[in-house]
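**Q** Sequence:
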Amino acid sequence: MRLTVPCLLLLILGCGPESVSRNANMLSLDGKALGSTWSVKVWSEQRLDREELGKSIVTEIERAEKIFSHWRPDSELYQFNQALTTSPVSIHPQLHALMKHAWWMYQQTKGAFDPTIAPLVNLWGFGPVSVNRFAIPTEEEIKQALRQTGLGKLEILPDKQVRKKRPDLQIDLSGSAKGEIIDQVCQLLDRRGLLNYLVEIGGEIRARGGVMGDPGWIVALEDGFVGEDRKMTKIALIDYAVATSGTYRQTKPNPYSTKSASHLINPRTGRPVEHNLVAVNVLAPTARDADALATALMILGPKEGMHLAREMNLPARFCIKDGKFNRYEHTPHFDSMYPRN
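Position in the sequence shown (from 1) plus 56 gives the number in the working numbering.
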């Protein structure tokens, strides 16, 4: 997994200690991983060994990265991508589960979430085997790469097996893997009996708990706007995850368009998205779902994305730039969770 620049940002403002049992203590851990940073905050009445818990979290993140990364040559996914065969192959159970989730998300989002776009991501200079980071592909190169894509070219089989229908099929799970790793860290904390925590990797967050009447962990959502237009909206997060996807981070000049080329590639066109949706914040019970859904809604843009979010009853906020003006659109479910005064 390589995430040199986080494509979603959230500011953790914390959970007020005045609402937590007097016998509880805050343990805060952080580090670097996945080309980004991670942090874990825990309120607990247990006596926690800071060093031991920190090592366990690092080990869990490292273990998961060696399964899901399409950047690391020693990872399960990288080796799957390198296998130029159409025969069924056995893969790690957790990679099989994440591919099944990708198929489900592909169907739910009408193809907007498609992890087979790896050849297009590489072609546009944002992938692990990109030759020229600043190159702009030709029309013919885009058509050629599109022939390699489409999740219908991947068959999910029983017994932890999958099959490529064309040998050069490549999978990029970066749209959901970071969320999956957050969920696995949460499972680690659950197994230790910890009931009040917040896990963050590269700006994506999942929280559990809210002690003695506390509304939850207070986080601020970034909208992707810059300068004086930047606005941080605070929400209380409890037993939920939130992810943000946006076009405002990984970009490069595109001489064939009025907009910069974003790392977000539309699987239907083979080109970076060009709509005026700057960022979208999505909440879901798991970080894996929030991660994938935020990616899909950004691909779809403000109109199609809002239609799908309403159809799926998602709590989501769309941050849109109309010329010199910025505006926000919320789904009904987002407004029901966080009523505006």
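Don't take every hint at face value.
[To be verified] Simulated pairs of lysine-lysine, BS3-like, Cα-Cα distance not exceeding 30 Å:
# : residue 1 : residue 2
1 : Lys199    : Lys221
2 : Lys308    : Lys377
3 : Lys377    : Lys166
4 : Lys290    : Lys88
5 : Lys308    : Lys221
Everything labelled a hint here was simulated from the structure, so no lab data went into it.
**Q** Each of the hints needs a verdict: does it hold here or not?
**A** We went through each hint and held it up to the structure:
| no. | hint | verdict |
| --- | --- | --- |
| 1 | Lys199 with Lys221 | holds, 19 Å |
| 2 | Lys308 with Lys377 | holds, 19 Å |
| 3 | Lys377 with Lys166 | holds, 25 Å |
| 4 | Lys290 with Lys88 | holds, 25 Å |
| 5 | Lys308 with Lys221 | violated, 33 Å |
When held up to the earlier numbered hints, the structure conflicts with hint 5 and nothing else.
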